[in-house]
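If you want the building blocks of each chain, they are given just below.
There are 2 protein chains.
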Amino acid sequence: MSDIKHPATVAIVGAGLVGCLNAIYFAQRGWNVVLYEHRKDMRLPEEKINQRGRSINLAVSERGLSALRKVDMGLEEIVLGAAVPMRARMVHLGKDTQTSQAYSVHGEHINAVDRGRLNELLLNVVGDLPNVRLGFEHHLLHANLENGTMEFSVGPEKIKVFKTADLVIGTDGAYSKTRSQMMRSMRMQYSQEYIDTAYCELSMPPAKDEQGNDTYALDPNHLHIWPRHTFMLIALPNLASTFFFLFFFFLDHSFTCTLFMPFEMFESINTSEKLLEFFQENFPDSIPLIGTKRLVEDYFANQKGSLINIKTSPHNFKDKALILGDAAHAMVPFYGQGMNCGFQDVEVLHEILDKHNVLPSKHENGKIDDLEAALDEYSRVHVKDTHAICDLALYNHYEMQSAVTSVRYLARKKLEGILHIVMPRVVIPLYTMVSFTTMPYSQAIQRWNRQSFWLNTIVGTMAIGTVTAMSYFTVKNKVSVSVPDIIQSVAQLSGFI
Amino acid sequence: MSDIKHPATVAIVGAGLVGCLNAIYFAQRGWNVVLYEHRKDMRLPEEKINQRGRSINLAVSERGLSALRKVDMGLEEIVLGAAVPMRARMVHLGKDTQTSQAYSVHGEHINAVDRGRLNELLLNVVGDLPNVRLGFEHHLLHANLENGTMEFSVGPEKIKVFKTADLVIGTDGAYSKTRSQMMRSMRMQYSQEYIDTAYCELSMPPAKDEQGNDTYALDPNHLHIWPRHTFMLIALPNLASTFFFLFFFFLDHSFTCTLFMPFEMFESINTSEKLLEFFQENFPDSIPLIGTKRLVEDYFANQKGSLINIKTSPHNFKDKALILGDAAHAMVPFYGQGMNCGFQDVEVLHEILDKHNVLPSKHENGKIDDLEAALDEYSRVHVKDTHAICDLALYNHYEMQSAVTSVRYLARKKLEGILHIVMPRVVIPLYTMVSFTTMPYSQAIQRWNRQSFWLNTIVGTMAIGTVTAMSYFTVKNKVSVSVPDIIQSVAQLSGFI
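First to last, the protein sequences are chains F and D. Position one of the first sequence corresponds to residue 1 (full-length UniProt numbering), numbered consecutively onward. Position one of the second sequence corresponds to residue 1 (full-length UniProt numbering), numbered consecutively onward.
Bound-form chain F, shown alone:
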């Protein structure tokens, strides 16, 4: 028979976190993998400096860990070894008021990790794989996805080179060039929405302990939040380690802080005096920890990043191209799920490739058996989950800014937690489903909507019952009680405060 099979090649455009993990998965499937990246190799010393002040710290949770675990190369351990566990939110209300809100009643935690460091770890793994080639400084200019040809501008000389692949996968982020090339070939539903909030990275250096050694300025096992309704400050711990010595300015008992604020506020706070006054008024406890000099330096030196929500559908173009991660679904960072969702994309994709038994070989005519059916199925089953988490991340923006300080929110949260202990399979808090399971996002939301209906009914019934009892007690004892008193009592009786 003349149908000799040839090895199949996948081109992955973008060697960020999702691109690297996807390269590892495809290498394990036996494909020829070429991983293109428009930047220089970030592991080069001169590149490390460029990364400063450019990204929000990441929180790795179960979806991310599950995808790392599946490749069975010790990746999960490597990543957790570079991470700081965060067991709770620490909500900073006033100058001296802090409340710790555990992420899970079962002690589950999320893990703070530096984006650059994680990317390096993954690049090191990728670099050791025999069937992966890395092409840095490859800037995608144009792609004819129907026949798998790509035109790159390479290196500082911007030399034009043409490359081909049997499958092109874009993991090139929110402003994906792969996606824009796909949109030329197909009818893609696409929406992008900028929110009014911008972000600016600040750094909080180590403090000194009694012996004069470096220590964390805040409890390192918390994600710290200063919620102030229309704006907020957050701080995530960096790993105390000198092992990766080139990151010493970052990774030595320091915190990375991010200030989220409307663009107009960033524009109006345009002098050192206004900045310090603003911090004095809103985040007074953070000033001695960050230091006024560093605060002013970072605030004015670091870029004010915008936040975008992008949804697309479908994510594949026949068996020719696919987008994963931010290229397919950029979300605002308020659920800490951007990278976790991107890693889950990779896991789900490869489960489906397994299910369809897609082999790393192609026919004489370039066709790979069952690949189109598999990629179509990927879009069919997974796109709705990426839309769900995009929506949820927008919603959590509201929650983190203000709801975390409301009595009703906290009561609801506590009740959910208690019911979760009593009936762990029946009532699961949304945060737990999102962060500590791999349940599809859309299912998590459906389930939460059902739960919410019943919880609201229960809380409502309890509140009415308590108010009735209180009123009866009040009248009987001829005590004068105001409505706020009753509400306060309801909350206290119910054990919610």
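Do not take every clue at face value.
Capping the alpha-carbon separation at 25 Å, the derived lysine to any residue pairs in SDA-like fashion look like this [unchecked claim]: (1) D/177 x F/187; (2) D/160 x F/231; (3) F/95 x F/273; (4) D/304 x F/144; (5) F/318 x D/306; (6) F/5 x F/162; (7) F/318 x D/200; (8) F/318 x D/305; (9) F/158 x D/177; (10) F/177 x D/306; (11) F/318 x D/192; (12) D/304 x F/5; (13) F/413 x F/364; (14) F/318 x F/186; (15) F/158 x F/231; (16) D/304 x D/423; (17) D/311 x F/175; (18) F/304 x F/196; (19) D/158 x F/318; (20) D/318 x F/187; (21) D/160 x F/155; (22) D/158 x F/161; (23) F/158 x F/46; (24) F/311 x D/311; (25) F/413 x F/231.
Which residues of chain D face chain F? A partial, calculated answer using Cβ under 7 Å [as the list claims (entries may be wrong)]: (26) 189; (27) 191; (28) 194.
Note that these hints are calculated values from the structure, not bench results. Ideal Cβ positions, reconstructed from N, Cα and C, are used throughout, including at glycine.
Guided by the hints, dock chain D onto chain F, whose structure is given.
For chain D alone, kept in the frame of chain F given last:
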């Protein structure tokens, strides 16, 4: 004083209908206008052939006419002279069943016009203006809108040229390059949505009258529709004239038909036999009028176009750039408002420029007084109207495909018409507000929603009253009447059928 003013230049990218009209408006304001177009001059004989089978016929209505009227150069008369009035929809139900549904109780009509012909008429006007330069075969590659520089690839040799302007306006259609360049400079909300329906243009030649002269195959003062729920055929008359002799194959008592159908249906109807069978079953009366040979030829030769809905916000980038027409708001063609809305964009823009008294001159530093405030206001007041008509056009897709055949729809329509005669200022049918007024689209929809509430209440009350009366009559006279009979009677009694 050293502040000498210099003449201001506007670059308009895209010499389609909206681009040409906007060039005329800016020329009248005294600006230097440069109108760039990526195609060759469509008035060249060899270009005319290329336009065949490429666009849906247009229906010019009041918004478009108003914008033409305002420039006071006889444009309205020129355009109406090239148009065929359509006073009603002719709904083709079965082989021999046709119903005429007037567009307006006051005899107002819309006007069928050939897109290419209208574009030529406008280009001729533009070409005669002393302060407008035309640059054909200018393909925009890149723009730095902050400083108003544009890079074009010019002519078949693709020579790179740089141009500058004080203001760049994109009228370059749904796949606007100007828009994509704006999106690189600013935070633009953007969404695109393809509908499942595709379209294919067909042509219906003239018939012969008793003397053997050419005549229209159908009543030319109607927009003909064959609604079939998931698909439909429409036909718009072309002007019977040999004046523009180069269009003779089009403009001689012919109709231009458009078949709208899901992509899958187009794919499944892939042989002449299947096509003729499909037409025999669904549009039997159209076959002798189109002719089987021509039907088969056109169906297989003409491209199957996709239909996209695009919304953006804002439409301006400071005082540097602006998008108008399809570049800012592509809509599906089912309300016949795409071009009308684009023309209204131009009228609204220039009203606001007038209001801010924006002069055609700039300062030494390139600033044009009050331009930024004017363009910001344009986005603030007009973007919501473009979103409204995009939504309405999607809704009308449903209405044209199926609702035009439903008893309830027709009853409602008739009642609206009657009330409009009785109370012409209180009740105005939505179609009238959209097509025969220049009222902002969003206001038209708001008004219609209020009206609908009251109309539904009235119809509901009348129906209940009639059913009650009927039932009483039935019982009293011991006549056995079924529920469908009652409904039928309600409709007849109310005079709706």
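Hints and how they fare:
1. D/177 x F/187: holds, 18 Å
2. D/160 x F/231: Cα-Cα ~47 Å, so violated.
3. F/95 x F/273: Measuring from Cα to Cα gives roughly 20 Å; hence the hint holds.
4. D/304 x F/144: With a Cα-Cα distance of about 21 Å, the restraint between residue 304 of chain D and residue 144 of chain F holds, given a limit of 25 Å.
5. F/318 x D/306: holds, 18 Å
6. F/5 x F/162: holds, 24 Å
7. F/318 x D/200: At roughly 24 Å apart (the allowed maximum being 25 Å), residue 200 of chain D and residue 318 of chain F satisfy the hint.
8. F/318 x D/305: Distance ~19 Å between residue 318 of chain F and residue 305 of chain D Cα, so the pair holds.
9. F/158 x D/177: Holds - the C-alpha atoms of residue 177 of chain D and residue 158 of chain F are around 23 Å apart, at most 25 Å.
10. F/177 x D/306: holds, 23 Å
11. F/318 x D/192: holds, 20 Å
12. D/304 x F/5: violated, 36 Å
13. F/413 x F/364: violated, 59 Å
14. F/318 x F/186: holds, 9 Å
15. F/158 x F/231: violated, 42 Å
16. D/304 x D/423: violated, 45 Å
17. D/311 x F/175: holds, 19 Å
18. F/304 x F/196: Roughly 12 Å separates the two Cα atoms, so the pair holds.
19. D/158 x F/318: violated, 32 Å
20. D/318 x F/187: violated, 31 Å
21. D/160 x F/155: Given pair residue 160 of chain D, residue 155 of chain F holds - Cα atoms ~23 Å apart, limit 25 Å.
22. D/158 x F/161: Holds, because 20 Å separates the two Cα atoms, which is no more than 25 Å.
23. F/158 x F/46: holds, 20 Å
24. F/311 x D/311: holds, 14 Å
25. F/413 x F/231: Holds, at roughly 22 Å.
26. 189: holds, 5 Å
27. 191: holds, 4 Å
28. 194: holds, 4 Å
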